[in-house]
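Next come the chains, spelled out residue by residue.
Number of protein chains: 2
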Amino acid sequence: MKVTIYDVAKEANVSIATVSNVINKKGRIGEKTRKRVFEAMEELNYEPNVIASALMGKQTKTIGLLIPDLANPFFSELARSIEDRSHELGYNIVICSTDYQEDKEDKYIGLLKQKRVDGFIFASGFEKLSRVEELMKEDIPIAIVARDYPNFSVNAVVIDDYMGGYIAAEHLIEKGHKKISVVAVDIYSNRERIRGFNDALSKHHLQIAQEIDFIGEIEKNHMDVGRKVAERYLQCEDRATAMFACNDLLAIGAIQAAKQAGLKVPKDLSVVGFDNTNIASIVDPPLTTVSQPIQLMGREVMDLIISVFKGEREDNVRVTLTPTLVERESTSEL
Amino acid sequence: MKVTIYDVAKEANVSIATVSNVINKKGRIGEKTRKRVFEAMEELNYEPNVIASALMGKQTKTIGLLIPDLANPFFSELARSIEDRSHELGYNIVICSTDYQEDKEDKYIGLLKQKRVDGFIFASGFEKLSRVEELMKEDIPIAIVARDYPNFSVNAVVIDDYMGGYIAAEHLIEKGHKKISVVAVDIYSNRERIRGFNDALSKHHLQIAQEIDFIGEIEKNHMDVGRKVAERYLQCEDRATAMFACNDLLAIGAIQAAKQAGLKVPKDLSVVGFDNTNIASIVDPPLTTVSQPIQLMGREVMDLIISVFKGEREDNVRVTLTPTLVERESTSEL
DNA sequence: AAATTTGGATAAAGCGCTTAATCAATAGTG
DNA sequence: CACTATTGATTAAGCGCTTTATCCAAATTT
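Those protein sequence lines, which keep their order, are chains A and B. Be aware that the first sequence starts at 1, since it is given in the UniProt record's numbering, and climbs by one per residue. Be aware that the second sequence starts at 1, since it is given in the UniProt record's numbering, and climbs by one per residue.
Read the hints as simulated data drawn from the structure, not as lab findings. What you are looking at is a predicted structure, and each value in this text was computed from that prediction instead of being measured. Check before you lean on any hint, since a few could be wrong.
To be verified - From the structure, some residues in chain B lie toward chain A, with a derived Cβ separation under 8 Å:
#, residue
1, ALA71
2, SER76
3, ILE95
The beta carbon of each residue, even a glycine, is placed where N, CA and C say it ideally should be.
Please put together the full structure from these sequences, using the hints given.
Written out as structure tokens, the structure reads:
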């Protein structure tokens, strides 16, 4: 049988209340009693039942993490960094991949609420705020990462997407490019990146070479999207000499399309990506890309939600991190 | 305030036992009462508290998944497939990355036991069986995936590593290669793969060109390992014309080393990888690799552990899946 | 010496649920 | 019609813990 607090109490000749107090470092306990209790716990190999204490209103020490797709390198790296920090702080995370589908979001949130997770971290991919608002109304701590909701007061760790797009553009402009097109799927952060990108071009009296060609549905495989879109761009006469892809996967797809069309990257076409996932340095040529500080984001968002638990910090804080350009070999002078 | 089973009972004018019974489809309940209870639940927006029912000995509907590193594509893809199946079956998984470190394994197993997960899935990376045996002694369901322990009776979903190595060798031999070296880190499945590889070579009166050069510690970054090892191999006179890398990351590292040395892949050096992760088709040239059926493995291991919960299947089943060779462009005729 | 404080422990209620035991009322049987 | 089954619902105990109120004895104060 599982050993309970009763067994420990009996073994140590004290009441269960005392054992509980020893464990939680609460109330006054004599030195010898404390020692006896510890010995009894050791002796019996006692492991407190988190379930039972959660039922009494304590934390479950578990946090729900919703991401679009765990198999996507950006999110698995982000999840890993959140995981690391959560373990440091004594929490576990349960990860759910939503595939950008609202019914899945609903289902997972429901499941996790029933399990009384201490809070939720939402990573990107949410267009609708209603669910978040609902949770906030129920006083369930939440934090958002890698996704900004301007005009909405919520705990969030974000990067400056606008700036990310801006520096991508500046890089390309510096290299002398004038005809630049954009590869993106239509989600919020990309719209911000494009806005920044556009503004940088405007400043230099340039504009995006082609109408942005969003693929209808947000397909699971961004690489295919990148390839298809880039193919189309490359077919038109007077093609662009550079492309800005709103994430690394899209960029890689674009590079593949270029290669297939017999173009050399970066000689014939420069490509800059976004995210700086591990694969950016794996591909050939290594990708010039706007780097998101993934490690830092994970740590920050975890710390943020923990501080909410503790009531330490003012609620609804927005932490903005800055992206940086990592220059590798997929871009060159025109 | 959170709405409880008591509120529902009062609203529906029945006892809490009745509410519990309609929720769990147990005992006899009249049609009208059932309806009234459902209406009350709907009305009050009732969500059963999994914590409380877990305390009564029911499942937590949560499974612990231990993997070496969530940021490694093979494992994040595997985790994703396990996650998908677990959701289909109404479970959640909590993922822990162990980095091949025993103290982390211990810590996470302890944490998850306190949280009363229904079972554990161990994915690869475990050299020691003691912890697994301990859990089995405590009657905690476990299953192992992507890691074989021959001579040990445990629920496991594995691929035939020996065969994987074997077909890799045959492929290279067919292409006319005679001088072949092996890139690997020293973990169990790799030793099996190499054994199969070796046997295939022997059958053709060949042998591995170079003493296998295991890097001491299992570094986090397999790509670096692959690069370093391959560099060393390529420096020696009479270098091999082909390499077998025991996973895709190692293979990619090897390819990078080859490129750096001014060699063309596959013209000057053929490389075959192992795993067939998503990155295999991303890199340039696309990787010829031994494919593990990741989707299937995830699904099978989940189904396996569930069947243990239900006592449906004989305990300690080993499901062996077969790897297949996916030929892409990193290998060619000599 | 009596009154008060205090350090150290306990009894008991309750968290939200499940379930075995029980019971009331109706239906079925000879 | 008396008696047993059957149906449908309830009572109450208990899962393993936390916590508040309470208590007792020894130490301190007056």
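**Item:** Hints not upheld, ascending by number
**Value:** No numbers; nothing is violated.
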